[in-house]
Amino acid sequence: GTNEAGESSSTGEGLPDTIKIMSIKEMTGPVSFAGENSTKGIDLAVEQINEQGFLGDTKLEIDLKDASDSTQEAASLATQAVSDKSYSAILGPGLSSQASAISPIAEKGEIPVIYYQAGSDGVLVGDYTYRVTAPAASYYHIIGDYLAEKKVKTAAVLYTSGNPTLTELGEKAVPGVIEENGVTIKRSDTVSNDTQDFTAVTSEIIKADPDAVFLLLLGPQNPRAVSQLKQKGYDGEIIGMTTMGAGNLETAGEDAAGVVWPSNFSARSEVPSTQEFVKAYEEKYGELPNNYAAEGYDAVWLLARGIKEANSADRVAIREGIAKVAAEGFDGAQGPLSFENNDVRVEGVIASWNGSEEVVVTLGDD
Amino acid sequence: MIGWYEANIVLIEATFLNFLLALSIQVPLRVGVFSFAGVGSYGLGAYTAAILTIRYDVPAFVAIGAAVVFAAVVGYLFSLIVARLNGLYLAMATIAFVLIISVLATNGGELTGGANGLYGALSDLTTGGVVAVCVVVAFLLALTERGPLRRRIEAVREDPELSMSMGIGVVTVRQLAFTVSGALGACAGAMNALLRTTVSPEEINFHLIVLALTMVIIGGSRSWMGAFIGAVIFTWLPSMLATTGRWQDVVYGLIIILAAIFMPTGLLGLVQSLYQKLRGRSRTAAPAEPPAEEAVEERAMLQALSGESKEGVR
Amino acid sequence: MTTTETAAPYVLEAEDVAVHYGGIKAVDGFGLRLPPGKIYGILGPNGSGKSTFLAAVTRLVPLTRGRLLLDGKEYHSEPPMKLARKGLARTFQTVRLLPELTVLQNVQLGADINDPRGRLRSWLGRDRPSEAVEEAIERTGLGDVRNAWPTELSYGMARRVEIARALAARPRLLLLDEPTAGMNHSERQEVSELMQKLRDEGLAQLIVEHDVQMMVDTCDHLVAMNFGSLVAEGSPQEVVSHPAVQEAYLGKRWRSHA
Amino acid sequence: MEILINAVTLGSLYLLFALGMSVAWGTIGILNFAHGSTFMFSAMVAYYTVQMVALPMWAMILLGAAVGMVLSVLTQALIFNFILRRNPDLLKAEMQIVVGGIGAASVLLAIAQHYTKSVPFGFSASTFKTTTYQLGAIHISNVQLVILVAAFGLAGLAAWWLKSARAGLALRAIGVNPEVASLMGVDRGRMALGTMAAAGALAGTAGILLTYYLGSIAAETGDSFLISAFAAIILGGIGSVIGVVVGSMILALAETLVVTQLSGTWASAVAFGLIFVVLLFLPRGIFGRKEVRRT
Amino acid sequence: MLEIRDLHVSYGKIEAVRGVSASASPGRITLVLGANGAGKTTTLRAAMGLLPVRSGEVLLDGKPITGRPTHRIVRDGLVLVPEGRQVFAPLTVEENLILGGYTVSKEKAAETMEQVYEMFPILKERRNGPAGLLSGGEQQMLAFGRALMSSPRAMMLDEPSMGLAPTMVESVLSSVRSIADSGIALLMVEQNAEMGLEIADDVVVVARGEVVFSGPAEQARQNSSVVRAFLGEAALSS
Ligand SMILES: Nc1ncnc2c1ncn2[C@@H]1O[C@H](COP(=O)(O)OP(=O)(O)OP(=O)(O)O)[C@@H](O)[C@H]1O
Ligand SMILES: Nc1ncnc2c1ncn2[C@@H]1O[C@H](COP(=O)(O)OP(=O)(O)OP(=O)(O)O)[C@@H](O)[C@H]1O
Ligand SMILES: [Mg+2]
Ligand SMILES: [Mg+2]
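Protein chains in written order, with this note's numbering: chain X, 1 to 366; chain A, 1001 to 1314; chain L, 2001 to 2258; chain E, 3001 to 3295; chain C, 4001 to 4238.
You may find that some hints are simply not true.
Under the rule of at most 25 angstroms between Cα atoms (straight-line distance), these lysine to any residue pairs were calculated in the SDA-like manner [unchecked claim]:
| # | chain 1 | residue 1 | chain 2 | residue 2 |
| --- | --- | --- | --- | --- |
| 1 | L | K2082 | A | K1277 |
| 2 | X | K40 | X | A246 |
| 3 | E | K3163 | C | V4104 |
| 4 | X | K40 | E | T3116 |
| 5 | C | K4124 | C | E4111 |
| 6 | X | K279 | X | E180 |
| 7 | L | K2086 | A | K1277 |
| 8 | X | K20 | X | E51 |
| 9 | E | K3092 | A | N1008 |
| 10 | X | K20 | X | E107 |
| 11 | E | K3092 | C | P4052 |
| 12 | E | K3129 | X | G355 |
| 13 | E | K3290 | C | L4133 |
| 14 | L | K2082 | L | R2065 |
| 15 | C | K4108 | E | L3162 |
| 16 | A | K1277 | L | L2101 |
| 17 | C | K4106 | C | Q4086 |
| 18 | E | K3092 | C | P4121 |
| 19 | L | K2252 | C | E4111 |
Restraint ranges, calculated between C-beta atoms of paired labels, are given here [unchecked claim]:
| # | chain 1 | residue 1 | chain 2 | residue 2 | range |
| --- | --- | --- | --- | --- | --- |
| 20 | X | G233 | E | W3058 | 22 to 32 angstroms |
| 21 | X | V359 | A | G1109 | 36 to 46 angstroms |
| 22 | E | W3161 | X | G233 | 35 to 45 angstroms |
| 23 | C | E4218 | L | E2193 | 43 to 53 angstroms |
| 24 | E | L3062 | C | P4026 | 44 to 54 angstroms |
| 25 | L | K2082 | C | M4001 | 51 to 61 angstroms |
| 26 | A | V1135 | L | I2024 | 49 to 59 angstroms |
Don't read these hints as lab results, they were simulated from the structure. Built from N, CA and C at the ideal position, the CB exists for glycine as well.
Pulled out of the complex, with its shape left as it was, chain X reads as follows (with noise of 0.2 angstroms):
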């Protein structure tokens, strides 16, 4: 890189002293959990770049932004960036509201986006646009050997319609797994997103008597479902997706043991690019790291990767940088990324709750 700072930001070649990068969040709010727990992993992953010295001399700078959950803060904060020239690309917040009302902004003024979460159909919009998770329903179809492993032969689903991911999931992406595998489904029932209470619900799906349950719901309403089966007295298998993880299931305790999902990490994959990270990660905050900690660290390595590649802080050719990464893939804290149309793709792995901690699910040696 050059040590000529200021004029650099919009020449073609060399580096700037620093980058700065917008991170959208929802730091305060409903989700905060999630920015909370992003914002951790994004940290360690500037720290290790700015360390490491990946951009030679440059330094990445993150400006933290807190959005909550409003999608017209995210908006405007998007605008904000693309008019702040010294911006060189977005890290785009979690909630899918937020990220499709930011993509046509960020399109028209042609800065790169780098979103986690966000898993509705409408967020990636043009080319400006990356996303480092992956829809659960590219990798759910690994759950097809576990249910072979334990004979399921009937199943039930219940979904949240109120949530374009896990309406999405409910109505094709599981069918379409379980049907693979010779499930025959008995039941699919539906509950809005602000269903607090499973009872009756639950009630039906026992009396359906499925070898196992699908459970595709909002987090907080995961444990509530689970314990309410469990208390009518349902032993079969519960199914889950990744709203199970991140503590969810911890208020529900022994009730939630044996609990299982497909998810796009697992801090106890064997995957040496994960266990790097888990290992970095446990090493700085001294606790093991969720999901969306590893995608908040994938999206900054995927961003650091674009603009070595590009070696300019100019936000076009970051945009072609992070362009041929992708089409490469790369090693990140998620396993092995390679990248659909700008969206992420992984291996997954089956994490399960043991009552008390998450665990990954290994097959043949239960």
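Use these hints to put chains A, L, E and C with the ligands onto chain X, whose structure you have.
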């Protein structure tokens, strides 16, 4: 300045959109109709405009116009259905209306894009267009805040029965309020959908109702200016408070509490009474004195009286 | 006050009017005929149905049965706001002023009826009180409180605003429900004189009031009711000396006076 | 049959939550939008306490009720009381009170979000353990029984007290015209404080019991119940305890039927559609007092 | 004994009452007369603690009650029948009466209620109906009956005969007299001066916030200015 404008364009636009949304609650409130149907119309308008833009690629003003007309008609029909309802019962019915619209949007299949909502509603709507609409709306509403129209609106709100006996068509006024509220709400929703290019069912929820009500009550519920003040405050407050970090939501809540306590007539009312105090003209008028000639007569009598009753007064 | 001469011999006719609330027969077969330019008064004990009858005449409560005619034309299926446009104005037994309008504006509201669409001119600029408003304020002696707010008024003053508001509409028929409640003798006297003056200008009035002396002095004709129906009718003297009226309504004082 | 039991349980949840809100609203005319946050906050305080000391259920209920009472009294004394004092006309103050409640709610919610990060919390550390009994084909848990008994018991108590006690009448009088009520010798400030204390205790109790029953709640749970409670109260008719019981049950039954027979997506639409239709025919709810207004 | 001493009350800048003094001793009725807006209602409301007193004193049995909250004053034994009836419209007639007896024992209240029903049979007929549906006069009866329920030591009445039919005026005023005779101190504002003077013991005339006449009732009846203002020329000549 230009830089600031560009960087904050979203908030500037949002101020005007929130202004229209607040008005859609305020207009019925001014005639004593406690209706949140305007928030539902916001949803109707947003979806109508987005669908027209995405599917038929119509110009922005056509999409918005169609949304406004559609929601106004729905508002009118709605007013016919809820004609017998009043007060908080009416409020509940309109909340139900809003939530039903949200559920319909979630379950609307391809038409509404389901839980995903719609995206890619790219149009030629500009900030200038939004401001122009708001200026026209504010001007028209300002006309209802003076002279005979203001008196009638006051009458319908405070005492519908009295209004009837004074020849005011209370039912018509109420229906009109619903219609206008529908149009304003839809206008806000449509313009928001086109500016943000997306709309999702999550947007139309109880929180939007609460926001609209808070803007009106804290800004001032009697005048368009109150709605505007409310819109400015509640659009900009969150980003101003972002500097307070972790506790921003707590501070936000405290500000609302203080406003509720100390501004019974909204910020607008507070400003007005301060202004009047400054000008030394309080709301109170001179004490009632009997008419002039009689006063003289009475004074004479009183003098007579006081003379006679000196001993009587201890 | 302007009056158009009408062919009909009566401004207001009510025939066999009944208003029942479940088992309560508030008005039960009462009627009267009010010729133009006369003051008629209704007397009756508390709860005999006087106010309800006025509400029925102004269409604020639905009729259980009966016929109502204004200038000879039936109107008992028309909505109440149409009546005001036909020249009918009223006051209420309880004071009903609009708290957020000043006295002047409250009175102006009465005059707005003659200007149904609201002149564009007064929307856009000057909103001067019309002649009718000034006259009503002046006649009811409200000049000094014209800019006061209703909550600042004493009870008696508030009653005058009620009357002024009705007068500002320049009605052809005025219904007054206890217009002088809360006023002292000389104040009642003033109101009585005002009503007589208005009659001389051609305004037909129907008054409900418990001050018998004032009613006798003011009215051309009295109607007495009890339990929702007619008890006696005739000239003031006739009615107050009617035994049924004396028994049910007038106190010892009046019986001894008469 | 089981559907019915489940519906009644859900109805009891709504009832427990709505009862305090309904009492405060129907008597002293205070529509407290902070009720949901009070509910949640009490449960949260109990949660942090039980993490330190394993308490039995009754102690948790007492604790929750106490916290709810304190919060509610504070809201009344620091917010509503000031609003009323500056705005003696209850009708005019109504909106102000609603907005003040919204403010109080967001303060409590923000604090809770800050500490819990919106991750659900529950009472698994409590000494109370849920057990399920099986009666034929029907599963019923001990918490479920507690909830049913508590909801109906407390509703009965509230109804009886409002009906027979002179204090209940005084409360209603304050709701009609506070000034004239004071002319009768009613101490408005103390009555209001007392009522809000009771309403807060009910909110706290509900917070504890619901957390036991649901297994866990999150910071936002209080607000999701708020709208259902509002609906139940309106459906039954403001000011009537029987009304809120019936309203809660109808709402719950409708939701349960839709969830099990149709699809959960439509649950709130059908429930609110039902409210809508009921209001069209009974404009003041099922047991609402008729508006007394005459010419 | 109820005593109002040199009372000053103002609304903002406007002084509505400027040094009014009036008193009523047990067993006696003091009649307050005055034109519309003279400050009569203001005086009573301030004495009752409903309006802040700027200066002056209100004494009940020699004990100052100025500045005490209204509900305390009621418990001290002073009640007000407010201007314009003010019944609790949605509550039933009987509930209104029960509230009137809020400060006394249940037995005492039940006893008084029977007396009230005896005095106004229509109230008994309508006991379970909402008070707001009563006619104006019926509501006035209820307001009066409600005040009796608290068995006060002193009572202030703001135009108790307003809206009442002549027979009712007679019966209400004669019961006012008998209440006074039972040893209660009464301060009454009454526009029906003719009837008022008949039962009053003392008279206070207020004009624009000031007392302009104060003396025994006979003296007032002979005072030509008072008579002219409140009874009319006719009464003067007769
Ligand atoms: N909406 C109503 N519902 C039930 N009863 C009613 C209603 N309106 C009036 N009444 C009853 O009908 C009767 C007549 O009432 P109204 O007000 O007409 O009497 P009034 O003659 O005006 O008496 P007053 O001289 O006391 O004002 C009263 O007994 C009253 O209680
Ligand atoms: N809330 C108020 N704000 C300002 N001024 C007021 C207020 N209430 C009353 N006044 C004024 O105080 C004066 C005295 O009013 P008050 O009601 O005591 O008269 P009153 O003697 O009872 O008359 P009335 O016989 O008409 O009832 C009047 O001039 C009135 O306009
Ligand atoms: Mg009457
Ligand atoms: Mg008075």
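Hint-by-hint comparison with the structure:
Between K2082(L) and K1277(A) the alpha-carbon distance is near 43 angstroms, which puts this suggested pair outside the 25 angstroms criterion. A C-alpha spacing of about 14 angstroms is found between K40(X) and A246(X), which places the hinted pair at or below 25 angstroms, so the restraint holds. Only pairs whose Cα atoms come within 25 angstroms are accepted, and K3163(E) paired with V4104(C) is accepted, the gap being roughly 19 angstroms. Annotation: proposed proximity of K40(X) to T3116(E) holds, straight-line Cα distance about 17 angstroms (limit 25 angstroms).
At most 25 angstroms may separate the alpha-carbon atoms for a hinted pair to count; K4124(C) and E4111(C) meet this at roughly 14 angstroms. For the given pair, K279(X) sits about 37 angstroms from E180(X) by alpha-carbon distance, which is inconsistent with the 25 angstroms threshold. For the proposed pair K2086(L) and K1277(A), the alpha carbon gap of about 44 angstroms is over 25 angstroms, so the pair is violated. With a C-alpha separation of about 16 angstroms, the suggested pairing of K20(X) with E51(X) holds against the 25 angstroms cut-off.
With a C-alpha separation of about 37 angstroms, the suggested pairing of K3092(E) with N1008(A) is violated against the 25 angstroms cut-off. Taking the CA atoms of K20(X) and E107(X), the gap is about 19 angstroms. The hint holds against a cut of 25 angstroms. Of the pairs offered as hints, the one joining K3092(E) and P4052(C) holds, with about 22 angstroms between alpha carbons and a cut-off of 25 angstroms not exceeded. Between the alpha carbons of K3129(E) and G355(X) the distance comes to roughly 16 angstroms, so the proposed pair stays at or under 25 angstroms and holds.
Straight-line distance between C-alpha atoms of K3290(E) and L4133(C) comes to about 11 angstroms, which keeps the hinted pair within the 25 angstroms bound. Restraint check for K2082(L) and R2065(L): satisfied, since their Cα atoms lie roughly 20 angstroms apart, inside the 25 angstroms limit. Pair hint K4108(C) plus L3162(E) holds up; C-alpha atoms about 22 angstroms apart against a cutoff of 25 angstroms. Between K1277(A) and L2101(L), the direct Cα distance comes to roughly 19 angstroms. Compliance with the 25 angstroms bound is thereby established for this hinted pair.
Restraint check for K4106(C) and Q4086(C): the C-alpha separation of about 23 angstroms stays at or below 25 angstroms, so the hint holds. Under the criterion of a C-alpha separation no larger than 25 angstroms, the hint pairing K3092(E) with P4121(C) is inconsistent with the structure, at around 37 angstroms. For the proposed pair K2252(L) and E4111(C), the alpha carbon gap of about 30 angstroms is over 25 angstroms, so the pair is violated. Remark: the range hint 22 to 32 angstroms for G233(X) to W3058(E) is upheld by a beta-carbon distance near 27 angstroms.
The hint said 36 to 46 angstroms for the Cβ distance between V359(X) and G1109(A), and at roughly 40 angstroms that hint holds. Look at W3161(E) against G233(X): about 39 angstroms separates their beta carbons, and that is inside 35 to 45 angstroms. Taken as a hint, the range 43 to 53 angstroms is violated for the pair E4218(C) and E2193(L), whose Cβ atoms sit roughly 31 angstroms apart. Hint check: L3062(E) to P4026(C), Cβ distance near 52 angstroms, so the stated range 44 to 54 angstroms holds.
Roughly 59 angstroms separates the CB atoms of K2082(L) and M4001(C), a value that falls within the hinted 51 to 61 angstroms. Separation of V1135(A) from I2024(L) is about 56 angstroms and conforms to the stated range, judged on CB atoms against 49 to 59 angstroms.
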